[in-house]
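Starting from the known structure of chain A, arrange chain B on it as the hints suggest.
2 protein chains.
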Amino acid sequence: MSDTKIVAVDAMGGDNAPGEIVKGAVEAVQTRDDIKVILVGLQDKIEQELEKYTYPKAQVEIVPATEVIETAEPPVLAIRKKKDSSIVVALKLVKEGKADAFVSAGSSGAVLVGGQVIVGKIKGIERAPLAPLIPTKKGVSLLIDCGANVDARSSHLVQFAKMGSIYMEHVLGVEKPKVAIVNIGAEEEKGNALVKETYPLLKECKDINFVGSIEARDIPNGDVDVIVCEAFVGNVILKLYEGLSSTLIGVIKTGLMSTLKSKIGAALALPSLKKTLKSFDASEYGGAPLLGLKGLVVKTHGSAKSKEVKNSIIQCVTFTEQRINHKIQQNIGADQEVE
Amino acid sequence: MSDTKIVAVDAMGGDNAPGEIVKGAVEAVQTRDDIKVILVGLQDKIEQELEKYTYPKAQVEIVPATEVIETAEPPVLAIRKKKDSSIVVALKLVKEGKADAFVSAGSSGAVLVGGQVIVGKIKGIERAPLAPLIPTKKGVSLLIDCGANVDARSSHLVQFAKMGSIYMEHVLGVEKPKVAIVNIGAEEEKGNALVKETYPLLKECKDINFVGSIEARDIPNGDVDVIVCEAFVGNVILKLYEGLSSTLIGVIKTGLMSTLKSKIGAALALPSLKKTLKSFDASEYGGAPLLGLKGLVVKTHGSAKSKEVKNSIIQCVTFTEQRINHKIQQNIGADQEVE
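These protein sequence lines are chains A and B, in that order. The first sequence begins at 25 in this note's numbering and counts up by one. The second sequence begins at 25 in this note's numbering and counts up by one.
For the record, the hints were derived by calculation from the structure and aren't laboratory data. Please read these numbers as outputs of a predicted model, since none were measured by experiment. Each hint should be verified, as a subset may be incorrect.
[Claimed, not checked] Below are the PhoX-like pairs computed for lysine-lysine, each with C-alpha atoms no more than 25 angstroms apart in a straight line: (1) A:K147 x A:K230; (2) A:K299 x A:K331; (3) A:K161 x B:K302; (4) A:K161 x B:K287.
Pulled out of the complex, with its shape left as it was, chain A reads as follows (with noise of 0.2 angstroms):
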């Protein structure tokens, strides 16, 4: 068994905050003994969250914190002002090395703008793309950039190639990674000016395994391992994916329930089709990293239940077994030790 790694938790950020972000915490200690969680918020709300369940109390601890950023709130104001709320108490600690990851359902703008300015950016690295897994019918692809830091420059897609690269070798086991760029066609001469201008540089490159355009309609396909795009782009595509899902399961669920034969059709069919509905289910796959950092910080999604919770703190643990910021620093940084 390895060494323990500790996770500090936001235990005040999303929509479900703090009940099913302390049950995910709880959760996730009661899979692993190799994990220490910190839950970082206003201390009476976590104790009283955590009264509810036996757990094994030395992989528990509590950094109390004061504030909470809304979701709402202008991001970097946020961060600037209140320097007791449970994001910033919680990166402070990552920085510190207190912690060896943050994990947060809260305010995406605070915790990419926070991950930046408080944990910083490994030296060489120009930008700190969010990458989420997203399902395919093969398993999953790593889509990067769909961070906030939009209008990205070609030597920006570049790194993020080859930090996904990195992330989905060594945290996935994927041998060889494939990656391709977004675009609106098969051809290279196809896309948009930036596309055009990196399609070659991404060629060039000897330590990906880059295998040329991808067109949206051939994602859910699975084909890929890395899919490198722009931000705007990628959070286009991440949220048209969450967002189409979920229409289309609904959409499918309302034809089951609108006739008595098929009612009873439904009841028999379910058992089988949730099982396979679940592999399409991004809350599966834990939650986006924000790579290129000096430490790691990990986004979950705002709904996130304690599953989803659970599976990023896990997460956490090979990514930072697999020392992901090293190899990055080591391969694509200015060549120097992570602090």
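Just chain B, lined up with the frame of chain A:
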């Protein structure tokens, strides 16, 4: 009954040409006696297909074209060199007023380039956007632009919003169509440089019903009628919409067939399910018009079968009857009569 509308159809374009195209044309004239179809392409092959059907002969004409533009050909070159291709010949019929509209399932690039070069843009229209209808929970929304002209400017997007509104109001009969811009958050200050520049311009527009930003997640809900975006983003949305829908439906079918119990359930539920999923089938809604041209050019899916071809031909009648081009020219163009 209104005047007969003449629709030129690219008999050689698409994966299922000429069989499904000719079949769709025949179905269109069998359904409506106010449509005349001109089938453009290789005369022998068209005649061979036509022989299979009984239909009002006076409503179908063949105009021969000896060349075919393939999907993989560079569009600009193809339009310039293949003067006797079905696309070029048919577009000239529109340009010369011998046809009211042109429908093609062939090379998107060639149809888009040819439409702009041969038919020409309405004076004052900066770009001709491709605007497909996409299925939503509540019906359909117009996604504008999904064409090949990427890296748009804000003035283009404002024209797209206006053209889209005119289309939805007069072709689909939506009163005061709701217009939104694709963004990565609901707040006005969010977005990339293009969206931030365009947002206030759309807000100022008095002749559209601008409701603000729309996140990709909410597109399938169908709360807005006109979804404005730059063509690269639009293309990604359109293709992902199609790819994810078909993947999910496939995954669900596999799930339903996985056990004996679920198979029996599926057999009972299938009729209701099919009806529901039909509403999410893009081919129900015909092709995508290329707006802002001096004539009507409609692009259908490369995989179009007869039903989509028929629907696309019929769709041209309302567009022409409602004098959409005239309305675009009066409201957005340089205030001249459409040639």
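Here is how each hint holds up against the structure:
no., hint, verdict
1, A:K147 x A:K230, "holds, 21 angstroms"
2, A:K299 x A:K331, "holds, 16 angstroms"
3, A:K161 x B:K302, "holds, 22 angstroms"
4, A:K161 x B:K287, "holds, 21 angstroms"
Checked against the numbered hints given earlier, the structure satisfies every one of them.
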